[in-house]
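Residues per chain, in single letters:
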Amino acid sequence: MIVLTGLNHKTASIAVREKIFAGCQEKKDLLPGLMSINGVEEVLYLSTCNRVEIVASIAEDGNALKDLSNFLAKGGGLTEAEAAGCFYEYRNEDAVRHIFRVASSLDSMVMGESQILGQVKDAYREALTKYATGVVLNRLMHCSFRAAKRVRSETAIAVNPVSVSHAAVELAKKIFGTLDGKKILLIGAGEMAELTGTQLIEKGALSIIVANRSFAQAELLAEKFHGEAASLDALDKKLIEADIVISSTGAPAFIVTADMLKNIHHERRNRLLFLIDIAVPRDIDPAASSLENVYLYNIDNLQDIVDENMNVRKREAIKAEAIVDEEMARFVNWQKELESVPTIVSLRNKAGEIVKDEMDKAAGWMQNLDKEDQAKIDNLVNSIVNKVLHAPVSVLKEESSDISSRDIVAAVRRLFRLD
Amino acid sequence: MILINLQSISFKIALVLCALSTVGYLSSLLVKRVKLAKISTWILAGAFGFLTINLLFALINSSLLINPGSRDFLSLCAWSVCVVYLALQFKTKTRVLGAFISPFILLFMIAASGETSDKSLLPQNLQNWLTAVHLFCVIMGEALFIIASCAGMMFIMQNGLLKNKKLSMTSRLLPSLNDLDRINHICLLWGFPILSIGIIAGAIFAQLNWQHGWLTDPKVVWTFAGWIIYGFLLHQRLAIGWKGYRMALISGAAFILLFLSYESVRICFSTLHNFI
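Top to bottom, those sequences are chains L and B.
Quick note on numbering: my numbering labels position 55 of the first sequence as 58, and the sequence is numbered without any gaps.
Quick note on numbering: my numbering labels position 64 of the second sequence as 69, and the sequence is numbered without any gaps.
Honestly, the hints are just simulated from the structure, not real lab data.
Glycine included, C-beta positions come from ideal geometry on N, C-alpha and C.
A hint or two may mislead.
Claimed, not checked - Quick list of in silico lysine to aspartate or glutamate cross-link-like pairs, DMTMM-like style, CA-CA up to 25 Å:
#1 L/LYS241 x L/ASP262
#2 B/LYS170 x L/ASP310
#3 B/LYS168 x L/GLU270
#4 L/LYS400 x L/GLU342
#5 B/LYS170 x L/ASP303
#6 L/LYS317 x L/GLU173
#7 L/LYS317 x L/ASP328
#8 B/LYS96 x L/ASP183
#9 B/LYS37 x L/GLU375
#10 B/LYS37 x L/GLU311
#11 B/LYS98 x L/GLU173
#12 L/LYS77 x L/GLU129
#13 B/LYS98 x L/GLU205
#14 B/LYS170 x L/ASP328
#15 B/LYS171 x L/GLU116
#16 B/LYS170 x L/GLU295
#17 B/LYS37 x L/GLU173
#18 B/LYS96 x L/GLU173
#19 B/LYS170 x L/GLU173
#20 L/LYS379 x L/ASP360
#21 B/LYS171 x L/ASP288
#22 B/LYS37 x L/GLU116
#23 B/LYS170 x L/ASP307
#24 B/LYS168 x L/GLU173
#25 B/LYS171 x L/ASP303
#26 B/LYS168 x L/ASP307
#27 L/LYS241 x L/GLU222
#28 B/LYS40 x L/GLU324
#29 B/LYS40 x L/GLU222
#30 B/LYS43 x L/GLU157
#31 B/LYS168 x L/GLU44
#32 B/LYS168 x L/GLU244
#33 B/LYS96 x L/GLU342
Unchecked claim - Pairwise CB distance ranges (calculated):
#34 L/SER156 x B/HIS240: 44 to 54 Å
#35 B/SER201 x L/ASN266: 35 to 45 Å
#36 B/ASN133 x L/ASP262: 56 to 66 Å
#37 L/GLU21 x B/VAL36: 56 to 66 Å
#38 B/ASN133 x L/THR181: 43 to 53 Å
#39 L/GLN220 x B/LYS168: 25 to 35 Å
#40 B/MET174 x L/ALA414: 36 to 46 Å
All chains, please: the whole structure from these sequences, using the hints.
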């Protein structure tokens, strides 16, 4: 039986998640410890900043699932009160669906984020190196990777950015194509501007100029980006050089006016200019938006894009859930087929044993026959056995994906006294 | 005979592939899938291959450049737009541009299929290497101008979407403003000298053969007007530093104006260039 237990950002507070995370990080023999729990056959441990989960294949009877939850709670040093209500437990198909949803990033805090699949793969790799997984979990994890891959390629769940800084980067790409060699001007040394600037530099922007009321603070931030510091008095000149301007000062009036931009238009040789105004009250005159080759976005504009993208992700999530269901059905079918395999093997072995016993008994009179006739009898017996077994084996294979497969397996085992 | 058959087959295959790629490109805009545009680019590359084979056969069958058939002439127009687009596509990876350009290529191909391949385009007295240079360079120059203008029109669309703060699927599908501006720039930069060579070759031929009267020919005036606009745009870009929206707007408007005036000249006036 496949089971899953754990906690995530929806069920546990950050304090609880931290404790579990830290507790489990310290344990070096985590997987061997989990494997030693009575009834656990295969196990995998997944830990990210938003979730800690254990996926396991356990024996049908016994208390292994409870023991796994307790192991986590104990590892994190949680009191009973803290642990109550934090842990969720899934069995069989629910567990399969959950891990598929996790790998496909449908259960993530930011739906569609791309990191989770890598983290699930890392967890699986770790379990593989410790020989903690077997036939069932190997298949389960590979199916979960396939589901995640299909969700990414067949839906637009991860296409559109859902953070303000990523939306700004995407807009910059739509304006400039590539950010290689572009100059960024940060006006004000706000955290949001810094974050967006970092993203743009990561995407290939050439350099950053930091202009701030306090020159010392500008220098501090400029040093971080290996950029250039400037005072607000030199803003006109710096605007001529810049391709992307991110403004986030606390100034009560406009710092960049439309007239200012009009005046430097010629010196800029009409180059495209992307202005991002994330300050409230606004730093850049909205009239600048009507200027040729100038593209101005304020925080509300960026937030609108993010909201719209989030809605798109939610719509795409419906398609993604259907893919998860499809992949889950495939896995469950495989699992059911797996259940009938031991019975088929036992049936064939039993028939083989009967044939061997009877042939041994007949060995006395058969020795008078010549070798050719002996071989003919051998073939005849094997052929009869195969024909007799053909129908039950076929039914076991065909019905393995059906809901009644367990009854059929049980009936065959009883009829042929296989247990 | 076999060569003529092969030429006809390669033309037909090129026509079908061209129609397929146009449908693919336009569908990619409708369903907003870049993958479809990618596939269409490959189909168009296939069409280009067959069109090249077709023109090579034409070159063997007759002297294509000195004495082109009317079908070959229109095929050459389609081929020129195609080669310029594919080269740009290779350089800038702006596949969606195909949605705007492939219909032009298809129109040339359909027009070509309506002509018979053995009908000679030029009267006997005009078959000359100077007219061949004139024809080829003017076609290439105009093809580059068509693409510059298509890029300009796409720039206007993308500019409108970005100014309205809408990062819609259409906006995501369209190339970036910078790429479109670059295409416009490259096409003007190459198109102007090529068209100039074409015009000069034509002028020399006309002066040698007709001496006078050709300067006031409506199609000559039309081409000259196009050349002036072309030159003006290039001058403004290189010397004054015009970029982006203004360039896009003027090249788009110039293209529409020139197209309409070409059609009206063709329909309303008798001209020395009455074979095209």
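Checked hints:
1. Proximity of L/LYS241 to L/ASP262 is assessed by CA-CA distance (about 15 Å); at most 25 Å being required, the pair is judged to hold.
2. Restraint check: the Cα-Cα separation between B/LYS170 and L/ASP310 comes to about 13 Å, which is no more than 25 Å; the hinted pair holds.
3. Distance restraint check for B/LYS168 and L/GLU270: the Cα-Cα separation of roughly 23 Å lies within the 25 Å cut-off, and the hinted pair is therefore satisfied.
4. A threshold of 25 Å between alpha carbons decides the hint, and for L/LYS400 with L/GLU342 the separation of about 10 Å falls inside it, so the pair holds.
5. Taken as a hint, the B/LYS170 and L/ASP303 pair is honoured in the structure, with Cα atoms around 10 Å apart against an allowance of 25 Å.
6. Straight-line distance between C-alpha atoms of L/LYS317 and L/GLU173 comes to about 20 Å, which keeps the hinted pair within the 25 Å bound.
7. Pair hint L/LYS317 plus L/ASP328 holds up; C-alpha atoms about 17 Å apart against a cutoff of 25 Å.
8. A C-alpha spacing of about 16 Å is found between B/LYS96 and L/ASP183, which places the hinted pair at or below 25 Å, so the restraint holds.
9. With a C-alpha separation of about 72 Å, the suggested pair B/LYS37 and L/GLU375 falls outside the 25 Å cut-off, and the hint is violated.
10. Between B/LYS37 and L/GLU311 the CA atoms are separated by roughly 17 Å; this keeps the pair inside 25 Å, and the hint holds.
11. The suggested pairing of B/LYS98 with L/GLU173 holds, with an alpha-carbon distance near 17 Å, which does not exceed 25 Å.
12. A distance of roughly 22 Å separates the Cα atoms of L/LYS77 and L/GLU129; the hinted pair therefore holds under the 25 Å criterion.
13. Taken as a hint, the B/LYS98 and L/GLU205 pair is honoured in the structure, with Cα atoms around 22 Å apart against an allowance of 25 Å.
14. A C-alpha spacing of about 37 Å is found between B/LYS170 and L/ASP328, which places the hinted pair above 25 Å, so the restraint is violated.
15. For the hint pairing B/LYS171 with L/GLU116, the CA-to-CA distance comes to about 23 Å; that is within 25 Å, so the pair holds.
16. As the CA atoms of B/LYS170 and L/GLU295 are separated by approximately 15 Å, the hinted pair is consistent with the 25 Å bound.
17. Among the hinted pairs, B/LYS37 with L/GLU173 is consistent with the structure: their alpha-carbon atoms are about 17 Å apart, no more than 25 Å.
18. Restraint check for B/LYS96 and L/GLU173: the C-alpha separation of about 22 Å stays at or below 25 Å, so the hint holds.
19. The suggested pairing of B/LYS170 with L/GLU173 holds, with an alpha-carbon distance near 13 Å, which does not exceed 25 Å.
20. The hinted pair formed by L/LYS379 and L/ASP360 meets the criterion: a straight-line CA distance of about 18 Å does not exceed 25 Å.
21. A hinted pair counts as satisfied when its Cα atoms are at most 25 Å apart, and B/LYS171 with L/ASP288 qualifies at roughly 20 Å.
22. As the CA atoms of B/LYS37 and L/GLU116 are separated by approximately 22 Å, the hinted pair is consistent with the 25 Å bound.
23. About 9 Å separates the Cα atoms of B/LYS170 and L/ASP307, which keeps this hinted pair within 25 Å; it holds.
24. A C-alpha spacing of about 15 Å is found between B/LYS168 and L/GLU173, which places the hinted pair at or below 25 Å, so the restraint holds.
25. Between B/LYS171 and L/ASP303, the direct Cα distance comes to roughly 12 Å. Compliance with the 25 Å bound is thereby established for this hinted pair.
26. The straight-line distance between the Cα atoms of B/LYS168 and L/ASP307 is roughly 14 Å, inside the 25 Å bound, and the hint therefore holds.
27. Distance restraint check for L/LYS241 and L/GLU222: the Cα-Cα separation of roughly 15 Å lies within the 25 Å cut-off, and the hinted pair is therefore satisfied.
28. The hinted pair formed by B/LYS40 and L/GLU324 meets the criterion: a straight-line CA distance of about 23 Å does not exceed 25 Å.
29. Between the alpha carbons of B/LYS40 and L/GLU222 the distance comes to roughly 46 Å, so the proposed pair goes past 25 Å and is violated.
30. Between B/LYS43 and L/GLU157 the alpha-carbon distance is near 17 Å, which keeps this suggested pair within the 25 Å criterion.
31. Pair hint B/LYS168 plus L/GLU44 does not hold up; C-alpha atoms about 60 Å apart against a cutoff of 25 Å.
32. Of the pairs offered as hints, the one joining B/LYS168 and L/GLU244 holds, with about 22 Å between alpha carbons and a cut-off of 25 Å not exceeded.
33. With a C-alpha separation of about 56 Å, the suggested pairing of B/LYS96 with L/GLU342 is violated against the 25 Å cut-off.
34. Checked against the hint of 44 to 54 Å, the pair L/SER156 and B/HIS240 passes, with Cβ atoms roughly 48 Å apart.
35. The hinted range of 35 to 45 Å is satisfied by B/SER201 and L/ASN266, whose Cβ atoms lie roughly 37 Å apart.
36. Range check, B/ASN133 to L/ASP262: about 60 Å between beta-carbon atoms, so the 56 to 66 Å window is met.
37. In this structure, L/GLU21 and B/VAL36 break the distance hint of 56 to 66 Å, their C-beta atoms being roughly 46 Å apart.
38. In this structure the hint that B/ASN133 and L/THR181 lie 43 to 53 Å apart at CB holds, the actual value being about 47 Å.
39. Checked against the hint of 25 to 35 Å, the C-beta distance between L/GLN220 and B/LYS168 comes to roughly 34 Å, which is consistent with it.
40. Checking the proposed 36 to 46 Å range against B/MET174 and L/ALA414 shows it is violated: the Cβ atoms sit about 56 Å from each other.
The earlier numbered hints that this structure contradicts are 9, 14, 29, 31, 33, 37 and 40.
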